[in-house]
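With the hints as your guide, set chains B and C onto chain A.
Residue numbers (the working numbering), protein chains in the order written: chain A, 1 to 256; chain B, 257 to 894; chain C, 895 to 1133.
It is possible that some hints are incorrect.
Unchecked claim - With a straight-line Cα cutoff of 30 Å, these simulated DSS-like cross-link-like pairs (lysine-lysine) come out: (1) K639(B) - K80(A); (2) K509(B) - K872(B); (3) K80(A) - K980(C).
Stated by the list, open to error - Far from chain A, by Cβ distances over 10 Å, these chain C residues were calculated: (4) V923; (5) L931; (6) A963.
In short, the hints are calculated from the structure, not lab data. C-beta atoms are modelled at their ideal positions from N, C-alpha and C, and glycine is treated no differently.
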Amino acid sequence: MKVRIKVWRQKNADSQGAFETYETPTLNANMSFLEMLDVVNEDLSMKGQEPIAFDHDCREGICGTCSLVINGKPHGPHRKVATCQTYMRSFQDGETIVVEPFRAKPFPLIKDLVVNRKSFDQIIQAGGFISVRTGSAPDANSVPVPKINSDLAMDAAQCIGCGACVAACKNASAMLFVSAKVSHLGLLPQGQPERERRVLAMVGTMDELGFGSCTVTGSCEAVCPKDISLDFIARMNRDYGYALIKGEPHRNSAED
Amino acid sequence: MATLNSNLPPGPLGQKWEKHKFSSKLINPANKRKFKIVVVGAGLAGASTSATLAELGYQVENFVFHDSPRRAHSIAAQGGINAAKNYQNDGDSVHRLFYDTIKGGDFRAREANVHRLAEVSVNIIDQCAAQGVPFAREYGGLLDNRSFGGAQVSRTFYARGQTGQQLLLGAYSALSRQIGLGAVTSHTHSEMLDLVVIDGHAKGIIVRDLKTGAITRHVGDAVVLATGGYGNVFNLSTYARGSNVTAIWRAYKRGACFANPCYTQIHPTCIPVTGDYQSKLTLMSESLRNDGRIWVPKKQGDKRAPHQIPEAERDYYLERKYPSFGNLAPRDIASRAAKEACDDGRGVGETGLGVYLDFSDAIQRLGEGKIRERYGNLFDIYKEITDEDAYKAPMRIYPAVHYTMGGLWVDYNLMSNLPGLFVLGEANFSDHGANRLGASALMQGLADGYFVLPATLGNYLATQKPDQRPKTDHASFRDAEASVQSTNRRMLASKGSRTPASFHKELGKILWEYCGMARSEAGLKKAVQLLQALREEYVVNLKVPGEEGGLNQSLEQAGRVADFIELGELMCLDALTREESCGGHFRVEHQEEGECKRDDEKFAHVAAWEFTGVGKAPVRNVEPLTYEEIKMATRSYK
Amino acid sequence: MKVITRLWRSSLGRKFLMALTGIALWGFVVGHLIGNLQVFLGADKLNAYAAFLKSQPGLLWGARLGLLAMVGLHVASAISLSAQNKAARPVDYGNGLPPHASSYASRTMLMSGLIVASFILYHLLHYTLLVPAVNLSGADFAGYYQKLTDGSERHDVYRMLVIGFRHPVVAGFYLLSIALLCLHLSHGLSAMFQSLGVTRFTRLGRDRFAKIVGILIFVGYASIPAAVVLGLIGKEVVK
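So here's chain A without its partners, still in its complex pose (with noise of 0.2 Å):
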């Protein structure tokens, strides 16, 4: 089979970008997208162009760093997987395929098709961590965890912190990047002490980034590459109402 693909190429953040299509050579069907890329780039090295860059490295689904948006679709058209792992016998012979980065201010552009997704680093640093020192720790199984909560847990733990949710988004919203992280460290009792300041301080910092909010379009879900719930975000909600109402933790608060 063979592609048209019309992608977006900019050399870099100060300059203007344009779509640019390209014929690809003759493809196999079992081919993932990424290796089409491959294809198409070896074609343009040769041709003594300058090839496209894309951002990729485990090439399993598992990694986060590739991204892409296909036809208007982050990862392209299947659910639950990421664009490493969408094959070309899900397009049609000849089809014309649009290939545009991820688009969100937080998420600056760096070259043709690779954005920078610190911002999600940023978020993490704010408080998407459970303070706990190497050598600190009691063993493993004195703080049981009721099944239920640690499978929910990994539910949203299984994030890959891709930034499709927020390229899918209209609002260019990270509430199902930040939700996730939040849902798995609330549901956990190790998680416990510092759940409010967490939910607090990494919304405040994905508010001064400039994510959106979240207008539960449900975008980000039907993306995911790990069928991350909207309802993480629900539970999210509810953890930051409660912390907010509260105010910042004072002496008197502290529970009995």
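Frame of chain A; chains B and C shown alone:
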């Protein structure tokens, strides 16, 4: 000749680590603040050590070539992490984990290192659980375990099929906390391109900012490399595309010894190759072998569909050859057995390079629901890639390059022969001998990062004056930067006709053919010649589009492939000189009915190669392996 | 007050404000509907109800001011959040398709909300402030009185309503606005659970609840102008 002093502490095996910790030098808190540690990599080892060193009070600078410290390929480990907790009461102990690991490594690892690994394994689980890693649990709320290859006890802790991801995110969260506190400076999109050695000590690195192309110098009182393995030298592997040897290779070229480069692990359960375009092989976790049965048809060239082949005409070859371990035989053995079956013309699938991994018995015994619960995500991955439903028909699997046991040589303190250079995780050679057992890589990365280096680093720093780091305008920094610049410019200026990717493919084919699952003297000699020719062609016939400034992924790749080609030659040389078979290194001349035949008289040692110049023969240094506690035995899983 | 500033400062806080004021406004929409449906019971019932409300000025004005404040907060939060959202996503995708998997109602909340707000303004001018210029029929609603048997008079709300809705343009505008209000509610009611963090019910259940309530409210409100236009009620009323 380099001096290889392993610095093993004296005393009985079980007490070495305790004693060593006590006799190790401490740095007082006021001085810790004055020491700056450069850490390259943020996988399990790099992230955990950056976080822990910062907690201790050191200034830490962390460098990753990824866009975030959460992306390292540790994240892809599926199955689990071993620890001698004996929560299952099935007879496990530190000593048993130690013994299984030494035996699994075919008696080619350092006894004391492996024992230490088994000792700290229990602390790792505690640490990770406290960080909020959502390990699988039983209804009582306590941790669940599964069994894994090379062991007869259930000691593997797991988080669905994404254990590596969860452990890495735990370490990343600890690191993020320190970044947020300002104790760690994080440099993303920053690739280390050279090591700076001053008066014989590692004192800094040269880094290229991948976004801007800027080359910068970074100084530290010590340099820690936690940059992972080099399996991508084979081009097709289960590694991430970005995984590379560059950091440790350039350290090798600055004087660090490279130990046992030929020890590579071929994982038995990967999805078979389908075409030449392929960029990546996908692993199916070894945990599948708990419930899946591996077989091929007894008849050669049997092209019937699997369900049409009656039970009597199937060869469950692992169960037949290794009745006591069966499908859970160690990776090297299972891989070689699959290769044998395929070489014998009994392979399945279009290419004949595949064997069946069949779940029908397990589904009958436990029901599809239970299997879905245990392995659902793996079956999904399989479906995604092959478009086949493994609940209905058996999976087809074939071995693929998965891990490299070799790496930079380090002593008991994890310091290389270059003082001040520490190497952690898969990047070093230390704990797995000639073959790594499943669920041990995560254990080693975290052991090195959380518990070993933070305890041993003081031994080096105590010999250094606080706040007396060299300045970055030192001649060695200038020279290293100039060398990086000129290498990059030379590659960009080269007006050849082949891309780095095309060289990489050719390199991979040569190594897989001659330095893969079975190696022979003639093959290895031929490979060395081919690789020398390839290296020479690379200089004159390379084509790298783009510019020096800004993001240039072709240039990044060109540098990495150049290093891989040089490494490939060293691997073949190492394989050629190690005239025995052990673990993942199988020399066809040295076997007993297809099983490895070690030569403990001549080769019970580590081979640590020392660089003497490109195109010049490297020096083979030797560190003898002496076993005080256990007796070397023929590894048997029968 | 500190809580309000804390709420206002964060995007999630403003979502809470929207949800809380949304609940109050929804409550009003339901109460107002129940009151108005008395039109089907005849002029006496409706006028008596109106007179009762007027006889409680404290309650009436309290409710009116409260509702106004709610609308104000609801709209202000919406506009401020929308500005933030727009800034967060300055570039659209090239294929021009709406965001994946999003519903029409969810994408148009700001527009449906603003149109409904302008409708409320009209509605107030029309039936509360009784400005003759907006009723298009040239009548002076303020002069409509019903004589009671004891000789006293009260405002003839029934007649006003019937005459008001007899104008097809006015009736059409009401129908359209009610439809938009219900579209707004069909997403807003479900999103409200989400914003307040109620996870008790499944999302499917919440969505269904919101849709059904939206439809019921539409049917209820639309029935009044529709009944007038179709001549099912108020035939006896002459201009």
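Outcome of the hint check:
With a CA separation close to 13 Å, the supplied pair K639(B) and K80(A) stays within the 30 Å bound. The straight-line distance between the Cα atoms of K509(B) and K872(B) is roughly 12 Å, inside the 30 Å bound, and the hint therefore holds. Proximity of K80(A) to K980(C) is assessed by CA-CA distance (about 27 Å); at most 30 Å being required, the pair is judged to hold. Consistency note on V923(C): stated as away from chain A, and its beta-carbon is indeed over 10 Å from all of that chain's, at 20 Å minimum.
At the 10 Å boundary, the C-beta of L931(C) stays outside the reach of chain A, the nearest C-beta of that chain being 31 Å off. Every Cβ of chain A is farther than 10 Å from the Cβ of A963(C); the closest lies at roughly 20 Å, confirming the non-interface assignment.
When held up to the earlier numbered hints, the structure conflicts with none and fits them all.
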